[in-house]
Amino acid sequence: MVQTALHFLSGMSARYFLFLCVLCALWVSLCNGACAEVDSDTEAVAGQGFKLGCISCKMRGEVKARVTVDWYFRAKGEKEFIHIYTYGEEATLVIEERFTDRVDWNGSRSKLNDLQDASIYIHNVTFNDSGVYRCSFRRTLLYEAYEYETTATKLVHLTVVAKATRGTASIVSEVMMYVSIIGLQLWLLVEMIYCYRKIAAAGDEALRVSAEEYLAIASESKDNCTGVQVAE
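With mature numbering (1 follows the signal peptide of the UniProt record, and there is no 0) as the guide, the letters of the sequence shown map in order to residues -36 to -1, 1 to 196.
Bear in mind the hints are in silico, worked out from the structure with no lab data behind them.
Just so it is clear, CB atoms sit at the ideal spot from N, CA and C, and this is done for glycine as well.
There could be a bad hint or two in this list.
As the list claims (entries may be wrong) - The list that follows gives simulated cross-link-like pairs (lysine-lysine, DSBU-like), each with its CA atoms no further than 30 Å apart: (1) K118 - K15; (2) K40 - K162; (3) K40 - K15; (4) K43 - K162; (5) K28 - K118; (6) K127 - K15; (7) K127 - K28; (8) K40 - K127; (9) K15 - K43; (10) K22 - K118; (11) K15 - K28.
Said to hold, decoys possible - Here are the in silico distance ranges between beta carbons for each label pair: (12) E155 - E111: 43 to 51 Å; (13) W151 - Q12: 35 to 43 Å; (14) N70 - A165: 14 to 22 Å; (15) A126 - K43: 24 to 32 Å; (16) G25 - E177: 51 to 59 Å; (17) E42 - Y112: 31 to 39 Å; (18) T117 - G25: 15 to 23 Å; (19) I145 - K43: 44 to 52 Å; (20) R66 - K43: 17 to 25 Å; (21) W151 - E53: 47 to 55 Å.
Using the sequences and the accompanying hints, generate a full structural model.
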C-alpha cells in the first residue's frame, strides 16, 4: 500500500509541475517588460516624420526621481553640438530656430516627471537634418535623507534619404526572429508531449501495481477465511 501511495503522489507531483510550467509560460508571454533600452532607428525619409528614440532605464524602480532631458544636434561637417530641445519639470522648449514647430515630445510622461523614454518626433524631415543627435538624461534620485544625481547620454547617427530602403541586416534579423519564435514553440510542444507521456506511463504503472496489490490482498484474505473455516 505504501508503494502504491508513493506512485500516486509521484504522478500527482508530475502533473502539478507540468501545470505550473504551462502557467509560467503563459504568464511570461503575456507580461510586458518594465523597461528596455532599445536603439533608435537611424534612417529617415525626406518630407516625412521621424522618431528619434532615447531610452534610459532607471535601475532603482522603487526610488522616486525627477528628470531633465536635453537634445543636441551636430550637422554633417560641423564640429560642435548645438542645443535644440529641452524637456523638464519646469519647461519644455524648442531652442534651435530651425526646429521650431517641427519637434514634439514623444516620450513617456509622469506626474513626478520620472520618465525613462525621452524620444522626440521631428516633422517634415529635410536633408539638412542629417547628422548626430545627442540625448542627455539628468536624473535626480529622491531618497528620504538626500538626493543623488546621475547622467546618461545616447547618440543617434541620423541619415536622411529620398526613398525608404531596407537593409540586409534588418531582413536577416527579422527572419531569425521568426525562426527563433517558431523553434521555441516547437521545443515547448515536444517537451509537453514528452512530459504528458511520462506522466501517463507513471499513472498506468501505479494503477497496475495497485490492482496487483489489491488482488494479492484479496487472495490472502480469502486464504485466511478458508483456514478459519477448516479450523472450526
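Cross-check of the supplied hints:
Distance restraint check for K118 and K15: the Cα-Cα separation of roughly 14 Å lies within the 30 Å cut-off, and the hinted pair is therefore satisfied. For the given pair, K40 sits about 65 Å from K162 by alpha-carbon distance, which is inconsistent with the 30 Å threshold. A hinted pair counts as satisfied when its Cα atoms are at most 30 Å apart, and K40 with K15 qualifies at roughly 19 Å. Only pairs whose Cα atoms come within 30 Å are accepted, and K43 paired with K162 is rejected, the gap being roughly 67 Å.
A hinted pair counts as satisfied when its Cα atoms are at most 30 Å apart, and K28 with K118 qualifies at roughly 22 Å. For a cut-off of 30 Å, the pair hint linking K127 to K15 stands: about 17 Å separates their Cα positions. Distance check on the hinted pair: K127 and K28 sit about 44 Å apart at the alpha-carbon level, beyond 30 Å; violated. The suggested pairing of K40 with K127 holds, with an alpha-carbon distance near 20 Å, which does not exceed 30 Å.
The straight-line distance between the Cα atoms of K15 and K43 is roughly 24 Å, inside the 30 Å bound, and the hint therefore holds. For the hint linking K22 to K118, the alpha-carbon distance of about 14 Å falls within 30 Å, and the restraint holds. Restraint check: the Cα-Cα separation between K15 and K28 comes to about 27 Å, which is no more than 30 Å; the hinted pair holds. About 49 Å separates the C-beta atoms of E155 and E111, a value consistent with the hinted range of 43 to 51 Å.
With their beta carbons about 41 Å apart, W151 and Q12 fall inside the hinted range of 35 to 43 Å. Taken as a hint, the range 14 to 22 Å is violated for the pair N70 and A165, whose Cβ atoms sit roughly 56 Å apart. Range check, A126 to K43: about 27 Å between beta-carbon atoms, so the 24 to 32 Å window is met. Between G25 and E177 the beta carbons are some 56 Å apart, a value that agrees with the proposed interval 51 to 59 Å.
Range check, E42 to Y112: Cβ separation about 35 Å, and the 31 to 39 Å hint holds. Against the hinted window of 15 to 23 Å, the Cβ-Cβ separation of T117 and G25 comes to about 21 Å, which satisfies the hint. Roughly 45 Å separates the CB atoms of I145 and K43, a value that falls within the hinted 44 to 52 Å. Here the CB-CB span from R66 to K43 is close to 24 Å, well matched to the stated 17 to 25 Å.
Our hint of 47 to 55 Å for W151 and E53 holds, since their Cβ atoms are close to 48 Å apart.
Figure legend: structure checked against the earlier numbered hints; hints not met, in rising order: 2, 4, 7 and 14.
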